[in-house]
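Participant: Can you make the complete structure from the sequences, with help from the hints?
Here the sequence shown stands for residues 1 to 153, numbered as in this note's numbering.
Bear in mind the hints are in silico, worked out from the structure with no lab data behind them.
Every residue, glycine too, gets a C-beta built ideally from N, C-alpha and C.
Hints are not guaranteed to be accurate.
Unchecked claim - With a straight-line Cα cutoff of 25 Å, these simulated SDA-like cross-link-like pairs (lysine to any residue) come out:
#  : residue 1 : residue 2
1  : Lys99     : His78
2  : Lys68     : Gln109
3  : Lys68     : Lys95
4  : Lys95     : Glu145
5  : Lys95     : Thr149
6  : Lys95     : Ile125
7  : Lys68     : Ser103
8  : Lys99     : Arg87
9  : Lys99     : His74
10 : Lys99     : Thr54
Stated by the list, open to error - Pair ranges (Cβ atoms, derived):
#  : residue 1 : residue 2 : range
11 : Thr94     : Arg119    : 35 to 41 Å
12 : Lys68     : Thr149    : 15 to 21 Å
13 : Leu82     : Ala138    : 38 to 44 Å
14 : Thr114    : Gly141    : 33 to 39 Å
15 : Arg84     : Gly141    : 35 to 41 Å
16 : Arg119    : Gln39     : 41 to 47 Å
17 : Lys99     : Lys68     : 20 to 26 Å
18 : Arg147    : Thr59     : 17 to 23 Å
19 : Arg118    : Ala92     : 15 to 21 Å
20 : Arg52     : Ala92     : 16 to 22 Å
21 : Arg113    : Ala136    : 29 to 35 Å
22 : Thr54     : Leu82     : 16 to 22 Å
23 : Arg57     : Arg108    : 17 to 23 Å
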Amino acid sequence: MSAGSELSSRARKTTLLALLPLAAIAVLAGVRNASAHWQRASARSVGSPRVRITSNRVTGLYPGATRKLVLTLHDRSHRRLLVRRVRVRVVATTKPGCKTSPSNLAIRQPARRTLRLRRGGFRRITVQMAMPNSVADACQGAVFELRFTAVTR
Numbered sequence: 001m002s003a004g005s006e007l008s009s010r011a012r013k014t015t016l017l018a019l020l021p022l023a024a025i026a027v028l029a030g031v032r033n034a035s036a037h038w039q040r041a042s043a044r045s046v047g048s049p050r051v052r053i054t055s056n057r058v059t060g061l062y063p064g065a066t067r068k069l070v071l072t073l074h075d076r077s078h079r080r081l082l083v084r085r086v087r088v089r090v091v092a093t094t095k096p097g098c099k100t101s102p103s104n105l106a107i108r109q110p111a112r113r114t115l116r117l118r119r120g121g122f123r124r125i126t127v128q129m130a131m132p133n134s135v136a137d138a139c140q141g142a143v144f145e146l147r148f149t150a151v152t153r
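Facilitator: Laid out in structure tokens, this is it:
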């Protein structure tokens, strides 16, 4: 190999190594912009019979996003209740190709196991909802319908 071609090869390698960080930044910017152009989804809720459960409307769901769902439990029975468990499930979406599975919307169930509700009173609890990075494209702009249930005594 001649000295000129060895020098040219070394210059190419040095140039490629210098461009590598710029390429990584371009890839990361592309991923960030991909989620910025994603049509954001939201969630709405359906309540429970003995305990009325309402929530805030969750908006701005996109791949990688985590949002707080604030549940308000109201005592409908007008007697003191012990709420043993609250469960949140996705029961439907507004987009046909968007399945109601944790691969599209993951819900961390409330950590607190039991709550006491005064007669006619209310309590608030927070639930974490996360949209995984692997969410189906069919979920763009979808509204996830949530169902809340409460086990009482």
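Participant: A separate judgement is required for each hint: does it hold in the structure or not?
Facilitator: These are the hints, each one checked on the structure:
no., hint, verdict
1, Lys99 / His78, "violated (38 Å)"
2, Lys68 / Gln109, "holds (12 Å)"
3, Lys68 / Lys95, "holds (22 Å)"
4, Lys95 / Glu145, "holds (11 Å)"
5, Lys95 / Thr149, "holds (24 Å)"
6, Lys95 / Ile125, "violated (29 Å)"
7, Lys68 / Ser103, "holds (18 Å)"
8, Lys99 / Arg87, "holds (19 Å)"
9, Lys99 / His74, "violated (30 Å)"
10, Lys99 / Thr54, "holds (24 Å)"
11, Thr94 / Arg119: 35 to 41 Å, "holds (38 Å)"
12, Lys68 / Thr149: 15 to 21 Å, "holds (20 Å)"
13, Leu82 / Ala138: 38 to 44 Å, "holds (41 Å)"
14, Thr114 / Gly141: 33 to 39 Å, "holds (38 Å)"
15, Arg84 / Gly141: 35 to 41 Å, "holds (37 Å)"
16, Arg119 / Gln39: 41 to 47 Å, "holds (44 Å)"
17, Lys99 / Lys68: 20 to 26 Å, "holds (23 Å)"
18, Arg147 / Thr59: 17 to 23 Å, "holds (19 Å)"
19, Arg118 / Ala92: 15 to 21 Å, "violated (33 Å)"
20, Arg52 / Ala92: 16 to 22 Å, "holds (20 Å)"
21, Arg113 / Ala136: 29 to 35 Å, "holds (33 Å)"
22, Thr54 / Leu82: 16 to 22 Å, "holds (20 Å)"
23, Arg57 / Arg108: 17 to 23 Å, "holds (19 Å)"
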